[in-house]
Amino acid sequence: MNDRKFLANTLCVALAALVFMLSSCGGGKGTGNDAGKTRAAMDSTLVVAMLGDADYLNPVLATTVTSSEIVGLLFPSLVQAEFDTTTGLLNYLTLEKKLREVPQGQLKKSPKGALAKRWTMSPDNRSITYILRNDAFWNDGKPVVSRDFKFSYMLYGSPVIASTRQQFLAELVGADKGHIDFDKAIETPNDTTLVFRFYKPVPEHLALYHTSLTPLPEHLWKNVKPEEFRHSPLNQNPMGAGPYTLRSWKQQEELIVASNRKCNLPKPGNIPRISYRIIPDYTVRLAQLQTGQADVVENIKPEDFSAVFKANPQVEVKTIGLRVYDYVGWSNIDQDAYRKNGTIRPHPLFGSAKVRLALTRAIDRQSIIDGYLKQYGVLCNTDISPSLKWAYDNTVTPVPYDPDGAVALLKQEGWLPGADGILRKNGRKFSFTLYTNAGNARRNYASVIIQQNLRAVGIDCRLETQESNVFFNNLEQKKLDAWMAGWAIGLEIDPLDVWGSDLKKSPFNMTGYQNPRVDELCELAKQKMNHMDARPYWLEYQQILFRDQPVTFLYWIRETHGFSRRIEGEELNISGPFYNIDDWRLRPAPHIAP
Amino acid sequence: MLTYIFKRLLIAVPLIFGVLTLTFFIIRLAPGDPAAFFIQPGISPNVAEQIRAQYGLNDPLPVQYVKWLASVLQGDFGRSFSRAQQPVIEVIASALPVTVTIALLTLAANFIFGILIGIISAVRQNSFVDRFLTITALFFYSMPEFWFALMMIILFALKYQFFPASGLNEIGAENLGPLAFTLDRIWHLVLPVTVLSINGAAGIARYVRGSMLEVIRQDYIRTARAKGLPERIVIFRHALRNAMLPVITLMGSSLPFIFSGALFIEVIFAFPGMGRVTVEAIFARDYPLIIADTFISGSLIVLGNLLADILYAVVDPRIKL
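Chains as they are written, first to last, in my numbering: chain A, 1 to 594; chain Z, 1 to 321.
Only chain A is shown next, with the shape it has when bound in the complex:
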């Protein structure tokens, strides 16, 4: 009897605890009044779920994607850059001048966002002069002046600060001698005149691109020593002049920006508040989108679309592209020999262009696209994106999936099947390990298909994934024979980093590909003062890459981003999903509206 009573008592205690817990949970929704407050907040707040946090809210130092997005909202820019989808060229706009005229109504961004009124390029293309607006102010009321730019460029160029944007200063006077002479390179005759001088003729579009780095307010930063620059509390509490200001930042959790009522560059952001929530787990970001707790989630995987739409019809997927591609890298040179004493000789397996072409033929790239990316993938021929229409060669027919052709090509190269069905040449088996970085579902999917395809033509390919840091380190040190990775291309074509024959100067030429004509074409194209004049060089470049197959280009990826339908006015293009976020508007979400 006692026993039973004791049990009953214990159960009562447990139940009471549970009831207490649940009642406090219910209470979390708050009273009607409190719920109203959070609802109102939801209606005026755009929630963006991000994978990672910002690092420095400082244009000189910002390196993460989140930082760059937010810095773009907090700080003004000298000129507005706009990607023209009809040509694939970047256009630059200022209040009174545009690089290329655009038909009325086709401008996506307001030129009022630019700090410059107009610019003039010197006839010898060795200097560019900007005339700045006199009605632009930092948030503390001080005017934005030309000195701010000179000061900021000195920060960008400081080796102690180690900005990742040092490349932008590569043409300034003195850069060729290893030390930029800022007194000569950047002149500020008065508050509204800013002159950049180059040591060589620079095409106008490149001059605009490289001189439009975001400025910092000199009066706020001038007393910060370079060695203290990265530690300054101002990095966490920035003052800019853009359409938004920083409201609060709980690191690794949430960063909120609020519309800057004082802004005239071009105007205060439409949405009162934008909350960037840091949610490292993909599944949870997806769940947030499905429940309407997040309005934008980047990079939704195609396999999740149907579940998302089913759970929340208020979600739509928007695509951007084509800027990212995956490839299989084949080491063109024998890396062991290269690492040992710098000798360059062809790789025993992948040294011949014919063999690499055979490998591309053997791989059924279309079936990887059909199986994983579906309509969000496009066969890739070379690293010039079809989106860069002005340079893209649309006459190239993709290498077909042709295992028989591959076998024939390999036979010509002396690779014949052995007793076990694996190809052999001079006693060497065609057998290697294909490495990729861990945690990428798309590459895992592709690598399995590649393995099967290669097995079918008698090539033994083992798969191995490595932790990303280790993988990239190995790649950089040329320790891998074959690997799968990807590149995101820049909007200005500059592939020498990846294909340059001087392997010491081209650290990203992991394949060791060398072709003097490619080097030459890249240089010739750079020297042209007009984009379109460089087109013939880029066409030839694509033909050469297509012929040499330094890597097997797999597919271009259309990035797919989840958007809540309560967002209006969004314009996505290759520059990114948040391209015109200050122009977005929010409709009250149906399940939130009272």
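Check before you lean on any hint, since a few could be wrong.
Under the rule of at most 30 Å between Cα atoms (straight-line distance), these lysine-lysine pairs were calculated in the DSSO-like manner [to be verified]:
| id | chain 1 | residue 1 | chain 2 | residue 2 |
| --- | --- | --- | --- | --- |
| 1 | A | K478 | A | K425 |
| 2 | A | K262 | A | K117 |
| 3 | A | K184 | A | K200 |
| 4 | A | K374 | Z | K67 |
| 5 | A | K108 | A | K301 |
| 6 | Z | K67 | A | K225 |
| 7 | A | K310 | Z | K67 |
| 8 | Z | K159 | A | K301 |
| 9 | A | K318 | Z | K159 |
| 10 | A | K478 | A | K200 |
| 11 | A | K429 | A | K354 |
| 12 | A | K528 | A | K389 |
Beta-carbon label-pair distances, calculated as ranges [what the hints assert, rightly or not]:
| id | chain 1 | residue 1 | chain 2 | residue 2 | range |
| --- | --- | --- | --- | --- | --- |
| 13 | Z | I154 | A | H179 | 56 to 66 Å |
| 14 | Z | M151 | A | S431 | 51 to 61 Å |
| 15 | Z | L245 | A | E227 | 48 to 58 Å |
| 16 | A | P103 | Z | I89 | 55 to 65 Å |
| 17 | A | Y282 | Z | T136 | 50 to 60 Å |
| 18 | A | R247 | Z | A70 | 12 to 22 Å |
| 19 | Z | P14 | A | N299 | 23 to 33 Å |
| 20 | A | K389 | Z | F139 | 54 to 64 Å |
| 21 | Z | K67 | A | K340 | 25 to 35 Å |
| 22 | Z | L155 | A | R585 | 27 to 37 Å |
| 23 | Z | I154 | A | P398 | 37 to 47 Å |
| 24 | Z | K67 | A | F309 | 53 to 63 Å |
| 25 | Z | A70 | A | E227 | 18 to 28 Å |
Calculated directly from the structure, the hints in this document are not laboratory data.
The C-beta atom is built at its ideal place from N, Cα and C for all residues, glycine as well.
Using the hints, position chain Z against chain A.
For chain Z alone, coordinates are given in the frame of chain A:
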């Protein structure tokens, strides 16, 4: 007892230093480069070199070690490489409150529910209740936490939207009053704490059951019952106290968990806690942060063991320190 504690603490100092020194060298042996992030096309190759110089990674290893030792002895663990060069102590200080809140709630729930279920199972050995609780406990004990967490999110945040899927507070929660804010925080903590504590409680319940069963069979329990003591007193005062010994070991060993954080839960529910700090530091090869984290968890393991030993003596007068 005080001498004993003092001695133990004294031994702990070289031990922890040994651990830190080992960590210092082992992480530098691991492949990967703290400046790897700065090696990409479009970034001048000089940048990685400048960054390495800033971090002091170009010095020979022994020099790096001596410099590090000198600053650690002054209580300075340096600045984080990966988190905008914040002092590592600040990084940890901002992550600790989140982790400690979750861990304390979890531990309380763990032990309360674990001990209760354990007692019930033991007292009602082989009954339907016992079997039911045992099977349920095993079921949850063997479930991977990350999967369980995702299932809970799918069920209670997606399908039935009772609880939020992630985060510590609702949008606009800062406009709420302090009470409503706290309740909102608790509401956000229900799912993660439930996931963590169901798994933990199930384990503790198994320990308590086993240990209770052994104690209940002892002569002195029979004596207590023969004296006519009420069952409640027999169980709680006579049996439970003796059955708690193994549980105390568990309490001691869960101290590091309080401060080291539960990685899966923090990643899945997007809490900026210690687990994430540590793992992200490892992936970024953020040496100062990794060492500071090791210091904290190392010290806590030592302290936890000491605490368990002291608690033994408190609970069991036969143990003399």
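Is the gap between the beta carbons of K67 (chain Z) and F309 (chain A) within 53 to 63 Å? holds, 56 Å
Can you tell me whether the CB distance of A70 (chain Z) to E227 (chain A) sits inside 18 to 28 Å? holds, 19 Å
Can the restraint linking K310 (chain A) and K67 (chain Z) be considered satisfied, given a maximum Cα separation of 30 Å? violated, 58 Å
Honestly, do L155 (chain Z) and R585 (chain A) meet the 27 to 37 Å range at C-beta? holds, 34 Å
Taking the Cβ atom of L245 (chain Z) and the Cβ atom of E227 (chain A), is their distance within the range 48 to 58 Å? holds, 56 Å
Does the Cβ pair K389 (chain A), F139 (chain Z) satisfy 54 to 64 Å? For F139 (chain Z) against K389 (chain A), whose Cβ atoms are near 59 Å apart, the range 54 to 64 Å holds.
Distance restraint between K159 (chain Z) and K301 (chain A), which requires alpha-carbon spacing of 30 Å or less: holds, 21 Å
Starting from K429 (chain A), check that the Cα of K354 (chain A) is at most 30 Å away, please. It holds: about 17 Å lies between the C-alpha atoms, which stays within 30 Å.
CB of Y282 (chain A) to CB of T136 (chain Z), is that within 50 to 60 Å? violated, 31 Å
Against the 30 Å threshold, does the CA-CA distance of K262 (chain A) and K117 (chain A) hold or violate the hint? Holds, at roughly 20 Å.
Supplied distance hint 23 to 33 Å, evaluated on CB atoms of P14 (chain Z) and N299 (chain A): Roughly 49 Å apart at Cβ, these two residues miss the hinted range, so it is violated.
Verdict for P103 (chain A), I89 (chain Z) (Cβ pair) under range 55 to 65 Å: holds, 58 Å
Violated hints, listed in ascending order, are 4, 7, 10, 14, 17, 18 and 19; each of the other numbered hints is respected by the structure.
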